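> Below are the chains, spelled out letter by letter.
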Amino acid sequence: MQVYVCVKHVPDTAARISLIGEKSFEDKVAIKFVVNPFDEYAVEEALKIVANEGGEVVIVSVGKEAAVASIRSALAMGAHRGIHIKTDQQFLDSAIVSQALKLAIEQDGQPDLIFTGKQSVDSEGLQTQYRLAVAMKMPVVSGVVNLNIEAGKAIAERDVGGGAREVLEMQMPCIIGATKGLNDPRFPKLPDIMKAKKKEVKQIDLSSLGIDQPAATVELLKLETVAPRSKAKMLNGSVQEIAENFIRIMKEEEKVLEDNK
Amino acid sequence: MTKIGVLIEIEDGKVKPSCFGMITAAKDENSDVYALVFDNNGESYRDSLAKYGVRKIIELSADGVDINTSPDTQTSMIAAAVESFQMDGILGVNTVVSCDILARLAALLKQPLVLDCVEINIPEKTVKKSQFSGKTLATFKIGSDMLICTLRPNIVDAEETPVECEVLPFQAEIEDKPLTRVIEVKKDAGSTKDLADATIVITGGRPMGSAENFEILQQCADAMGNAAVGASRASVDAGYAPHSMQIGQTGKIVSPKLYIGCGISGSVQHYAGMKTSKVILAINTDKDAPIFEKCDYGIIGDLFEVVPALTKALKK
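Sequences listed follow chains S and P, in order. Count along the first sequence from 1, add 33, and you get the number used in this note's numbering. Count along the second sequence from 1, add 16, and you get the number used in this note's numbering.
To be clear, the hints were calculated from the coordinates, so they are not data collected in a lab. On a predicted model such as this, the values are computed, not experimentally measured, just so you know. A few of these clues could be false.
[What the hints assert, rightly or not] Think about it this way: if two alpha-carbon atoms lie no more than 27 Å apart in a straight line, the pair counts; the simulated DSS-like pairs of lysine-lysine are: (1) Lys67/P / Lys284/S; (2) Lys144/P / Lys193/P; (3) Lys65/S / Lys119/S; (4) Lys294/P / Lys284/S.
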């Protein structure tokens with residue numbers, strides 16, 4: 034089984050984001066980058082499948098020089114080798130990223146399965162897996178919380194809200210967008226981290242792939258930081274007074290509660 | 017006239033309330049709103065959709081094919097309707113189902129896509145969305161004639177602007193060879209109300225202590241009306257609630273009119289999942305809980321006393 038996992042090198046969700054000008058953020062100093070959390074579920078699932086079925090897990094990442102650190106993290110989890118598609122751009126349109134992933138994967142081998150995370154936690158575009166699927170003419174299901182592989186088919190489950198869970202069937206090769214609930218990603222041990230340093234990471238320049246400039250893209254006009262809400266107005270009194278006061282404020286002042294008798 | 021299609025989601029035979037705010041967002045003096053439905057019950061949705069300014073209800077169907085067994089087929093149907101009616105854009109509410117279909121559509125049509133917008137300006141073709149777990153707000157210009165996006169639920173208040181509305185059946189020839197097929201729909205133990213859609217969300221953190229204790233939140237939710245119960249990552253990881261109830265970066269993003277966090281400390285990741293709520297109340301025994309620094313109302317107290325008191329006050 035030849036399995037590719039697309040991972041993104043992203044700022045930790047707890048990191049403070051400082052902006053430089055109107056279209057970029059500080060990514061060189063004092064900011065911790067990690068493997069996109071959703072991609073860890075993707076890596077773990079790929080490793081589990083290959084452990085059962087045999088084969089190889091290849092990590093593919095489009096990103097700046099530093100993204101190789103996230104590829105190494107995935108290799109430390111147990112993936113076999115990596116492909117780093119290098120760019121200087123901080124933000125790339127998903128139409129470009131999906132083409133880059135397609136071309137790099139096709140150059141490398143014939144996938145039986147391709148994993149991504151459900152979304153990245155930085156740009157939160159939620160669409161690269163779909164564009165990759167159309168480009169590669171493969172089925173895709175995203176937000177997958179349970180996956181079974183049997184007889185050339187993938188059976189994937191996703192939560193669709195209201196406590197409902199859809200079970201979808203696809204022919205392989207196919208693309209799976211992983212999310213929390215799929216598995217518990219392993220923590221690499223020190224020897225694994227050391228071993229990962231020696232694993233192969235192929236370097237490709239994004240510009241060498243011959244990507245077509247998409248006809249229509251989304252242009253970032255401005256990035257701004259969101260001012261946090263101010264401190265809470267504390268409600269005091271007995272529990273009963275507080276409760277009645279709060280309900281009154283919500284109904285009469287904030288108007289977010291309707292009489293519901 | 018700009019023609020904007022809106023994806024309508026149905027719950028218990030009715031249009032989901034969050035669709036109305038999206039219709040308001042889709043509409044201005046220069047746009048006509050077309051509602052796309054995946055069944056033949058357009059007539060029964062007419063009154064509610066006309067009230068918010070929908071001009072046409074388009075019932076999508078394909079001869080001899082159940083279009084609802086595959087998101088690929090649904091996508092092909094929308095693509096056919098977009099072409100046939102020469103629509104300039106398609107909007108959906110930011111739910112799992114609509115995000116999925118519109119992502120497929122944008123990929124298929126090779127068009128730009130912005131999901132989970134908090135603001136949509138149709139004439140300018142600009143949208144705003146939060147990034148970096150709600151820490152930044154990005155403004156994008158859609159560089160295409162076609163606008164495809166989803167709007168975070170409850171972020172735009174629905175405005176009544178009644179118009180005449182007609183129901184049009186629309187059939188397209190679709191090859192029934194979808195790449196993905198829904199073979200079963202299961203119900204899990206989670207909250208039955210769609211969290212993303214609820215106008216009020218009440219969430220329990222680790223101090224809930226057990227799955228059974230979530231019942232007091234459900235009772236309070238029931239007393240409030242269109243309310244759903246959520247959970248923090250800590251309470252999901254402790255096994256008190258299923259992951260489908262998790263609010264936050266790795267769970268659901270909600271934007272209700274009222275958000276009540278019970279025993280929630282207010283981590284960045286949790287905050288990312290609810291920070292665009294209109295009013296946030298935090299209930300916590302710890303007066304130094306970080307959430308009190310960034311919410312609207314705070315109650316220092318035991319959720320097991322405060323929540324039942326709220327339920328009682330609501331019933332008064």
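> For each hint, tell me whether it holds in the structure or not.
Here is how each hint holds up against the structure:
1. Lys67/P / Lys284/S: 25 Å, holds
2. Lys144/P / Lys193/P: Status violated; Cα separation ~37 Å.
3. Lys65/S / Lys119/S: 20 Å, holds
4. Lys294/P / Lys284/S: 14 Å, holds
Checked against the numbered hints given earlier, this structure breaks only hint 2.
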